[in-house]
Each structure stands twice: as C-alpha cells, then as structure tokens.
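Peer 1: Numbering of the sequence shown is given in the numbering used here, commencing with residue 3 and proceeding in unit increments.
You may find that some hints are simply not true.
[As the list claims (entries may be wrong)] Calculated pairs, DSSO-like style, for lysine-lysine (alpha carbon to alpha carbon, straight line, at most 27 Å):
| no. | residue 1 | residue 2 |
| --- | --- | --- |
| 1 | K22 | K178 |
| 2 | K178 | K58 |
| 3 | K58 | K22 |
[To be verified] What follows is a set of in silico ranges between Cβ atoms, one per label pair, in the way DEER data are often shown:
| no. | residue 1 | residue 2 | range |
| --- | --- | --- | --- |
| 4 | R227 | R69 | 36 to 46 Å |
| 5 | P83 | L168 | 22 to 32 Å |
| 6 | Q61 | H28 | 32 to 42 Å |
| 7 | Y75 | E101 | 21 to 31 Å |
| 8 | E131 | D174 | 40 to 50 Å |
| 9 | R204 | S129 | 30 to 40 Å |
| 10 | Q213 | Q104 | 36 to 46 Å |
| 11 | R212 | S145 | 45 to 55 Å |
| 12 | D27 | L156 | 40 to 50 Å |
| 13 | D174 | E142 | 37 to 47 Å |
| 14 | P83 | L133 | 28 to 38 Å |
| 15 | V211 | D174 | 28 to 38 Å |
| 16 | D216 | L168 | 31 to 41 Å |
| 17 | R204 | G38 | 39 to 49 Å |
To be clear, the hints were calculated from the coordinates, so they are not data collected in a lab.
Since this is a predicted model, take the numbers as computed values, not measurements.
Backbone N, C-alpha and C define an ideal beta-carbon position, used for all residues, glycine too.
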Amino acid sequence: MSSYSIPRRGLQQEIQAIVKRYIIDHRFQPGDLLPGEGELARQMGISRPSLREAMKVLQTIGVVVTRHGSGTYVGSLSLEPFADGMAFQILIASQQSPEPPQDLLDLIDIREAIETTRIRQVVGLHSCEQLREIEQLCDEMESMEVGAGAFGDLDQTLHRAFYAPLDSQVYDEFVKVFWTISNATIRPYADQFQRDANAEHRVIVDAIVRQNVDGATDAMRVHIRNIANDLRRGFDADRLREDALKIEEVS
C-alpha cells in the first residue's frame, strides 16, 4: 500500500495535503514538472478523478500550475489568489458605503509602511542603468495624457523598478497585490491620482538619483498618503453628485 494512502472517506482536503506532502518529500522545486496524472495517482494510491479534483483546487491557490499540452508544474510564489479575493471583497464594500472601505485604507497604510522602509534600504544601490530606467519611466508617465489607460501599468512598473536592486520576489508579489486591488477600487478616481502622482514620482526619482535617503523616504510617504487623500476626495465627490441628483428628483 502506498505511504500516501488515505482513509476511505477520501476528503478532498486530505488529498490536497497528500499532493503537497508528495511535492515536499520528493524535493520538487518551483517550476519542476510533476509526473503525469496516472503515475502520480498510482504512487499516491488514489483515483485519477480524485487527484484531478485536488489539482484543480491546488491550482487556484498557486501550489501547482497546469499548462495544457505540457503537464503540471510546481507553482512559484504568488499572492495573486489572495489579491483577487481581497480586491473583490473591497470592491463590494466600496459600493455599499459613502466612505472608502476601511480595509482599503488599512491596505494603503500597510503599503506606506512597506514602501517607506524599502526605499530607505535601496537608495544608493541602483546601477547607472537602473537609474536611467526609472528616469525614463518617470518621463514617459509625465508625457501621457490624463486618463490614459496604461498609466496604472507604468505606475506599477516604476515602483517595481524602485526596488529592483533588492531582488526580492516577496516584495514584488506585494507590489502586484497593491496594484491588483488598486486597479479594481481606485481606478474611478485615477485622473486626479495621475496628476498628483506625476509630480510626486519626480520628487522620489530625483531623491534616489541624488542618493538622498531621507528625501526619498519623505517623498514616498507623501505619495502614499496622497493616494488615500485622493480616494477620500473621490468618494466625497461621488456623494455630492448623488445628493444633487436626489435634490433634483425631489424638486
């Protein structure tokens, strides 16, 4: 009998745990190709349909990645499932409240704590090529028209470029989390944010180029806090428009 056999009740949670233990026991690494479904089921002593269902769940949380025509691989570090779920919940909350959801404001506070800490660590570590990249990104963002859809993508690219010398996959995943949630919830107020962000990014970039640690940290703090301020102003404007419409309907 396989050492991975499970009780007959065959709960999906147990099968998922078995798959994860199999990956660890066999020292598979992120990106490694797993045995085919039939061989994997045989080694674990479980049915192929049960394994298939478990793999579907494990794929949604990033433990494995299935590539059609290629096979199933061990997944890499990713916070995407968490980000998608949180963005959805915050978006629902934002539609039911005249104020920005507290969860979203808390997330912005967390982002401030992380980015102000990381910017202090990275100033002075950029290569000449990396400095040119962040200056070029800043120039490109300033040249874009207000309301341009690609601004958010460039914004994320710039912030990831700020911390490139630290080469941290974990931080890179946090950046993706922030932007996944921001794109879902802050986008309606993006025009005001874009105007503010361009000026704020330039101050950050100039401080990095001058290797001014305190200047870069202070500029980043102002930038993140202004995101929350723009969000509040956006909600206030929405509320005023709704109140005006109600007055028109009554009159």
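Peer 1: Work down the list of hints and note, for each, if the structure agrees.
Peer 2: Status of the hints after comparison with the structure:
Note on K22 and K178: the hinted pairing holds, with a Cα-Cα distance of about 25 Å set against a maximum of 27 Å. For the hint pairing K178 with K58, the CA-to-CA distance comes to about 23 Å; that is within 27 Å, so the pair holds. Note on K58 and K22: the hinted pairing holds, with a Cα-Cα distance of about 13 Å set against a maximum of 27 Å. Evaluation of the 36 to 46 Å hint for R227 and R69 yields a pass: the beta carbon distance comes to about 42 Å.
Look at P83 against L168: about 24 Å separates their beta carbons, and that is inside 22 to 32 Å. Between Q61 and H28 the CB atoms are about 19 Å apart, so this pair departs from the stated range of 32 to 42 Å. At about 44 Å, the CB distance of Y75 to E101 disagrees with the hint of 21 to 31 Å. Distance hint for E131 and D174: a CB-CB separation of about 19 Å, inconsistent with the stated range 40 to 50 Å.
One distance hint, 30 to 40 Å for the beta-carbon pair R204 and S129, is violated here, with the actual separation near 21 Å. At about 37 Å, the CB distance of Q213 to Q104 agrees with the hint of 36 to 46 Å. Taking the beta carbon of each, R212 and S145 are about 23 Å apart, not inside 45 to 55 Å as hinted. Between D27 and L156 the C-beta distance comes to about 44 Å, which sits within the given range of 40 to 50 Å.
Restraint check, D174 to E142: a C-beta distance of roughly 21 Å breaks the suggested window 37 to 47 Å. Here the CB-CB span from P83 to L133 is close to 35 Å, well matched to the stated 28 to 38 Å. Between V211 and D174 the beta carbons are some 22 Å apart, a value that contradicts the proposed interval 28 to 38 Å. The hinted window of 31 to 41 Å between D216 and L168 is violated, with their beta carbons roughly 19 Å apart.
Between R204 and G38, the C-beta spacing of about 54 Å breaks the proposed range 39 to 49 Å.
Checked against the numbered hints above, the structure violates hints 6, 7, 8, 9, 11, 13, 15, 16 and 17; every other hint is satisfied.
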